[in-house]
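Engineer: Sequence:
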Amino acid sequence: LVLGAIASFVIEKELVKASAFALAGAVFSFVGLIHGEAIGIAKSLPVAFSYLAVAGMLFYVGKYAKLEASPSAVHA
Numbered sequence: 001l002v003l004g005a006i007a008s009f010v011i012e013k014e015l016v017k018a019s020a021f022a023l024a025g026a027v028f029s030f031v032g033l034i035h036g037e038a039i040g041i042a043k044s045l046p047v048a049f050s051y052l053a054v055a056g057m058l059f060y061v062g063k064y065a066k067l068e069a070s071p072s073a074v075h076a
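Following the working numbering, the numbering of the sequence shown begins with 1 at its first residue and continues without gaps.
The hints are simulated quantities; they were obtained by calculation from the structure and are not laboratory data. Treat each hint with caution, since some may be false.
[Unchecked claim] Computed list of lysine-lysine pairs in BS3-like fashion (alpha-carbon distance at most 30 angstroms, straight line):
| id | residue 1 | residue 2 |
| --- | --- | --- |
| 1 | 17 | 66 |
| 2 | 17 | 63 |
| 3 | 63 | 13 |
Produce the complete structure using the sequences and hints provided.
Structural biologist: Here is the structure:
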């Protein structure tokens, strides 16, 4: 569900919202709620750090990059 939410917000070009879900994925993965064999702190660190890196990248691009308007918005 977390990856689906991230993908949905990326498609809609709402990258800051996507970064929030990636950050949530990092937290959930860090405590072992997703992508882990057992629930516990730091059970799947590489996955948690990957979510954190994606969250940082999405937040940076969402705040500082100029995104082009979608074709449907231009021709409306």
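Engineer: Going straight from one Cα to the other, do residue 17 and residue 66 come out at no more than 30 angstroms?
Structural biologist: Given pair residue 17, residue 66 holds - Cα atoms ~16 angstroms apart, limit 30 angstroms.
Engineer: Would you check the hint for residue 63 and residue 13, treating anything up to 30 angstroms between C-alpha atoms as holding?
Structural biologist: Cα-Cα ~11 angstroms, so holds.
Engineer: Is the Cα-Cα distance between residue 17 and residue 63 30 angstroms or less?
Structural biologist: 11 angstroms, holds
Consistency with the previously given hints is maintained throughout, with no hint failing.
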